[in-house]
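Which chain is which? The protein sequence lines are A and B, in order. With my numbering, letter number 103 in the first sequence gets 103, and the count goes up by one each step, no holes. With my numbering, letter number 194 in the second sequence gets 194, and the count goes up by one each step, no holes.
Hint data in this document are derived by calculation from the structure and do not stem from the laboratory. Where is the CB? At the ideal position from N, CA and C, for every residue including glycine. Wrong hints could be hidden among the right ones.
To be verified - To give an idea of the chain A side of the interface with chain B (calculated C-beta under 7 Å), a few residues:
1. ASP20
2. VAL22
3. GLY40
4. GLY73
5. GLU118
6. SER119
7. LYS128
8. VAL135
9. VAL136
10. ALA144
11. PRO145
12. PHE187
13. THR189
14. SER193
15. VAL301
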Amino acid sequence: MARLCAVAGIGQTQYSARRDDVSIAGLLREAATRALEDAGMDWPDIEAVVVGKAPDMFEGVMMPELYLADALGCSGKPMLRVHTAGSVGGSTAIVAASLVQAGIHERVLTVSFEKQSESNAMWALTVKTPLQASVVAGAGGYFAPLVRAYMNRSGAPDDTGIRVALKDRRNALKNPYAHLRDPNMSFDTIASSPMLWDPIRLHEACPSSDGACALVLTSERSVRKTKYAPAWIHATSMRSEPTQFAGQEKVNPQSGRDCAKDVYKKAGISDPRKQIDMAEIYVPFSWFEPMWMENLGFAPVGEGWKMTYEGATALDGDMPVNCSGGVLSSNPIGASGMIRFAEAAMQVRGQAGEHQVDGARIALGHAYGGGSQFFSMWIVGSAKP
Amino acid sequence: MSEIVSEEGGILTAPHVLEYPYRRSVGPVLGRFFTELRAGRIVGLRTQQGRVLAPPQEYDPETGAATGSDFVEIGPGGVVTTWSWVVRPRAKQPLDRPFAWALVKLDGADTAMLHAVDAGDLSRMRTGMRVRPRWRAERVGHIHDIECFEPEPQATADNGLGGERQRAGELAMAEEAQKPVTNIKTPMRLEYRYSAGIATSRFLHGIAQGKILGQRCPSCSKVYVPPRGSCPRCAVATEEEVELSDKGTITTYAIVRVPSESIDVPLPFASVHVLLDGADLPMFSVVQECPLDQIRMGMRVQAVWVPREQLGPTLQSIRYFKPIDEPDVPAEKLQETV
């Protein structure tokens, strides 16, 4: 039987287009220091460090974990790095949690980051390969045809994506760390923003952000008395599948469905929409909210858009989604998954401030990456499982 | 064909260069180091234990503590603590003639920094030799503001360990009212030799003859194009070759209106998934000869090839797909092949 693992400290940086005031190391340090403070701990308390980020080509620093060892106080401690594309923030937290659950370490620091201003993510995501035809432009170019396929098969109203973007950007106004905080953002601003990868408009796409997120994960006996009680990890799960194969369900991936099913089973959840109080899910393009609502079993296939339409996913809805403003409002890619996991934990700790869901006790953190092929999820609760 | 393709035993290879102009934010500590370099000075940073780190580091490598801002001027001369001779310098290295990569412990520093030493000849290099920086006349706030180090003239050169060590003491902030350095440019260039492998090479040899060759999985019978030599789902080798039609169906698409360095197609263009007749997995391609607002899922299309004499073993031999006069395939038949 695995040991209990608590989310005892959470730290986030300010997310913005360009954090010129800090180096990459300084950026991680900012998040890590805040997480340690939140946990009532200091560097010597930490036994091991787990770092995550997306492809090294984003910053052009090969194996950045080596250069980060001093900034993260790793002298004399085990350190390891995780990489599962966009889902990495989530899988990094899960790897760190497993070190506690397995009884290997008492107190683990996990940090994930991206400093997108150091380059242009499009380079790293769509490398022109010799002898091939280059026709896919960045993540938007890859996912836009899948969004179109979803629109077509669900018959969802065309403005569903605009409604998701508006909700998330409004939620971001309540999150002091969010990158995009424009109080004048309206339905019309989003609807009239240029199509980048038709059917995805500019304001229906995530920004490029600099930022880091950190968690202090501890065993039950290492939890210290701090302002907020810890969040308890009830279940974690990861699943993957090949980038492309015949018969693949690209719009509603099998690995995502399997991952959700597994994490619910481990957490004793039979009716996710009833039993889960809120979810932070990885929505880099607005239409992925309804797509993931179906993939995660919150809505029947073809009906995810109704949750957006009926306001179920709003902050005051019955299944609030991305109360922090989500990936649509802040996207330091490697950190984005961990931010989802962190925000879910903040909710059940009652720590989410203006974007707090009243009485949230059970929350889902979700991340995906690659060509919708890596999934990581956790369920956290205010009470021990 | 723009690419220089070579072939050995049927396997195609081509040069693959990744080159990006990264822009690194350096933070306050290294920012100060680079700002001082621009002014022709070298600073180290004194830790709480009194060690002088050079170059300065934001966090003490031993304790992980933030190192603060106790900067001290060091050098400019120093001692080579170890080195390695470069016989044939590469394009982006600091010198175009044989030189040494050396760890140089500057006077007043407790750690050594890596830089090039222009000794002229291997016989002049030795551990313990004294060196001094050769500054560039035009400095921008970068490690290359020091072009390299060079042997100190005469004096103590043979008695390297006895070199003068002087601590410059507390350093007043630079007087120049210049903006501190916050960023440096760190261009990267990686040169690879891309190998297409067995399955893709066979496919590309087919393309060079105007044929599209897929492979059928012996286990699930699905036909992959381009083939990968194995079925990602069944994890078995695929050997049976299947020639496919160059006609197919658009299963989904996007209209791309945003530029990307890797794409040569003029904007806006239709990026499509095309399921070739007989294949079980769509290919990524482009549709032209069709108004963008008339492209639709289920639309029938056919490949437009480059002229026969220009055919080569590259997917660029297929210029794009164009609509053909056949009835659309109903959407429900395309569910599994997005």
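Structure-based check of each hint:
1. Taking 7 Å as the C-beta cut-off, the interface hint given for A:ASP20 holds, the closest approach to chain B being about 5 Å.
2. Annotation: interface hint on A:VAL22 holds; nearest CB of chain B at approximately 5 Å, less than 7 Å.
3. At its closest, the beta carbon of A:GLY40 sits 18 Å from a beta carbon of chain B; the interface hint therefore is violated under the 7 Å criterion.
4. Evaluation of the A:GLY73 hint against chain B yields a held restraint, the C-beta minimum of about 3 Å falling below 7 Å.
5. Restraint check, A:GLU118 versus chain B: the minimum CB separation of about 6 Å is within 7 Å; hint holds.
6. Nearest Cβ of chain B to the Cβ of A:SER119: about 5 Å, under the 7 Å cut. The hint holds.
7. Residue-level restraint check for A:LYS128 holds (minimum Cβ-Cβ distance to chain B is 4 Å; threshold 7 Å).
8. Interface hint at A:VAL135: satisfied, since its Cβ lies 5 Å from the closest Cβ of chain B, which is below the 7 Å cut-off.
9. Hint status for A:VAL136: holds, given a least beta-carbon distance of 6 Å to chain B, under 7 Å.
10. Checking A:ALA144 against chain B by beta carbon gives a least distance of about 3 Å; that is within 7 Å, so the hint holds.
11. Residue-level restraint check for A:PRO145 holds (minimum Cβ-Cβ distance to chain B is 4 Å; threshold 7 Å).
12. Of the supplied interface hints, the one on A:PHE187 is violated, with its beta-carbon coming no nearer than about 21 Å to a beta-carbon of chain B, more than 7 Å.
13. For A:THR189, the interface hint is violated, the least distance from its beta-carbon to any beta-carbon of chain B being 18 Å, above 7 Å.
14. The beta carbon of A:SER193 is not positioned within 7 Å of any beta carbon in chain B (closest approach about 12 Å), and the interface hint is therefore violated.
15. Hint on A:VAL301 is violated. Least Cβ distance to chain B is approximately 11 Å, over the 7 Å limit.
The structure fails to meet hints 3, 12, 13, 14, 15 from the earlier list, while all remaining hints are met.
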